[in-house]
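Here are the chains, one letter per residue:
There are 2 protein chains.
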Amino acid sequence: MSDAMRAVAHAPGAPLTLATLPRPRPGEGEILIRVRAAGVNRPDLIQRAGLYPPPPGAPETLGLEVAGEVAALGAGVSRWRLGDQVCALLGGGGYAEYAIAHEGAALPAPAPLSFTEAAALPETVFTVWANVFESGALKNGEALLVHGGASGIGTTAIQMARAAGAVVYATAGDAEKQALCERLGARRAINYRSEDFEAVLKDEGGVDVILDMVGAPYLQKNLNILKERGRLIYIAFLQGAKGEIDLMRIMLKRLTITGSTLRARPLAEKARLAREVENHVWPWIAAGKVRPVIDSTFPLAQAEGAHARMQAGTHAGKIVLTV
Amino acid sequence: MSDAMRAVAHAPGAPLTLATLPRPRPGEGEILIRVRAAGVNRPDLIQRAGLYPPPPGAPETLGLEVAGEVAALGAGVSRWRLGDQVCALLGGGGYAEYAIAHEGAALPAPAPLSFTEAAALPETVFTVWANVFESGALKNGEALLVHGGASGIGTTAIQMARAAGAVVYATAGDAEKQALCERLGARRAINYRSEDFEAVLKDEGGVDVILDMVGAPYLQKNLNILKERGRLIYIAFLQGAKGEIDLMRIMLKRLTITGSTLRARPLAEKARLAREVENHVWPWIAAGKVRPVIDSTFPLAQAEGAHARMQAGTHAGKIVLTV
Chain A
0 MSDAMRAVAH
10 APGAPLTLAT
20 LPRPRPGEGE
30 ILIRVRAAGV
40 NRPDLIQRAG
50 LYPPPPGAPE
60 TLGLEVAGEV
70 AALGAGVSRW
80 RLGDQVCALL
90 GGGGYAEYAI
100 AHEGAALPAP
110 APLSFTEAAA
120 LPETVFTVWA
130 NVFESGALKN
140 GEALLVHGGA
150 SGIGTTAIQM
160 ARAAGAVVYA
170 TAGDAEKQAL
180 CERLGARRAI
190 NYRSEDFEAV
200 LKDEGGVDVI
210 LDMVGAPYLQ
220 KNLNILKERG
230 RLIYIAFLQG
240 AKGEIDLMRI
250 MLKRLTITGS
260 TLRARPLAEK
270 ARLAREVENH
280 VWPWIAAGKV
290 RPVIDSTFPL
300 AQAEGAHARM
310 QAGTHAGKIV
320 LTV
Chain B
0 MSDAMRAVAH
10 APGAPLTLAT
20 LPRPRPGEGE
30 ILIRVRAAGV
40 NRPDLIQRAG
50 LYPPPPGAPE
60 TLGLEVAGEV
70 AALGAGVSRW
80 RLGDQVCALL
90 GGGGYAEYAI
100 AHEGAALPAP
110 APLSFTEAAA
120 LPETVFTVWA
130 NVFESGALKN
140 GEALLVHGGA
150 SGIGTTAIQM
160 ARAAGAVVYA
170 TAGDAEKQAL
180 CERLGARRAI
190 NYRSEDFEAV
200 LKDEGGVDVI
210 LDMVGAPYLQ
220 KNLNILKERG
230 RLIYIAFLQG
240 AKGEIDLMRI
250 MLKRLTITGS
260 TLRARPLAEK
270 ARLAREVENH
280 VWPWIAAGKV
290 RPVIDSTFPL
300 AQAEGAHARM
310 QAGTHAGKIV
320 LTV
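Here the protein sequences line up with chains A and B, keeping their order. Under numbering that gives the first Met the number 0, the first residue of the first sequence carries the number 0, and numbering increases by one thereafter. Under numbering that gives the first Met the number 0, the first residue of the second sequence carries the number 0, and numbering increases by one thereafter.
Nothing false has been slipped in among the hints.
Only pairs whose alpha carbons sit at most 16 Å apart, straight line, appear in this in silico EDC-like list of lysine to aspartate or glutamate: (1) A:Lys220 / A:Glu203; (2) A:Lys220 / A:Asp195; (3) A:Lys226 / A:Glu197; (4) B:Lys220 / B:Glu243; (5) A:Lys220 / A:Asp245; (6) B:Lys252 / A:Glu268; (7) B:Lys241 / A:Glu243; (8) A:Lys220 / A:Asp202; (9) B:Lys252 / B:Glu227; (10) A:Lys252 / A:Glu227; (11) B:Lys226 / B:Glu197; (12) A:Lys241 / B:Glu243; (13) A:Lys241 / B:Asp245; (14) A:Lys220 / B:Glu243; (15) A:Lys252 / B:Glu268; (16) B:Lys226 / B:Glu203; (17) B:Lys220 / B:Asp245; (18) B:Lys220 / A:Glu243; (19) A:Lys201 / A:Glu227; (20) A:Lys220 / A:Glu243; (21) B:Lys241 / A:Asp245; (22) B:Lys201 / B:Glu227; (23) B:Lys226 / B:Asp202; (24) A:Lys138 / A:Glu227.
The hints are simulated quantities; they were obtained by calculation from the structure and are not laboratory data.
Next up, chain A with everything else stripped away, as it sits in the complex:
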């Protein structure tokens, strides 16, 4: 058994290539995972462009989530044994044959799912739980609007919100993506190119929670369609971060605007989220109510193709690397 491994190397402006790197060693409280699949996420593209440096201590290698088998245990690890099948949220380093996770940021790979599907879970499920259910406090019977409903986050948010008894609306860019959103349980998917989501949702009586990754262009429309005590939650701003708000509207309807990133959260917070996700979302997965939508898989050596597909924006669901 060699101490080397294959991993994806990146540099701004250059194509992704395979490189040979030393296999990482798990520190205290960490596990080494033999990666079988790694999720591709938009922050990977931004980090690769040099605009999103990894947090201190994180590996340079891209990749925020993986599924695979536990291959080595660091000191003090109590929950996992060698060979356990897990999926995990990482500080980075997922585009590789081996990756390090903190034991608290790993979860058992759900039995009904393949490694490819399990690797598609952590980023989307943690993000939706933290934002829609914790910050947004979405409740049974309330209405949620998911922008980008056909994205990895969007397809997960639709299913989780339906599992929790909410009514879900989504926006999507073409008829196929609309159909996907509605198949996953959205009451109505709105084509944002040909329809005005503000007008449609005013007709529907408004919504209680909005999950947005579009940003500035939707800000005022979002505030307009929120019901009293509505919550507007940002997890990205693909079309701009700076927008005008009307404090009067916020006060009169008692609205809340908030948002978060997952990666910047401290480890203890990620471990807390992992426990919440295991308690609340894993049973939905076991019951078949939530299942990741896989757009496509690419072998590790074709990571460049995976990034090109995400950049093009025509995908629906998650893009996953197989290792």
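With chain A's structure known, arrange chain B on it following the hints.
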């Protein structure tokens, strides 16, 4: 005993005058209060100018809070007896000898306080509780910034936050108001005319919660000085409602922007707030930790002078009408 009463009449552009009106009759679940003192609030000035119509069913007469004795009981009222000394949040009608309150929006007038002081409580205490403690979830050891620290709301917020174990900063417009804020427990009151509150509070390490009534001009500075997971709460926008926000900053620090008005809340919500206030704030008043700061009192016939004083903006604490 006549069925008439004196009350303050208002019309846009005309001075406030005394008029004779029929004494109101309490409906089901309502009490009639013989008003001894009525708080003056900024929404009264806006309503008088014709810009803030009373909610449906509310009296035309100004006045959102009073203290006095229970003078008649509507059907089904169980909590109060004739002669009980109460203070109450009203739908309107407080600038009068008699006013109607829902029994759930009334509280026992605290023993250590005069009627004048008790009448100064409901708007400020309900507002601070709902915004700083409920929406803002201010906790022991956290830091609060109160803009307009010498206002009725400000002086109350400083004392309540100190009673809850928070560190408090305030802004104020002159040395006398600064001294008042610090006497009430603010660690530091910042003169917003001669100092940059953003620079001062960055030096202090930032704050967790901000209570703002200034609005647009402070929006970005407020977001800049909030710590991670900070909450920015609007209860007014005296200098403009429309301002630009940066969603990236909100996401990276996981900030929350929210706000509310008290008057627009449904009755059941006001009654719920009244119970919370009685449970949490009344003990602070009994213990001498919270006491309303009275700027000045005016007899009912001099309501015009009370409004002129509030309009001038030189007051510190509450302006109260005595009846």
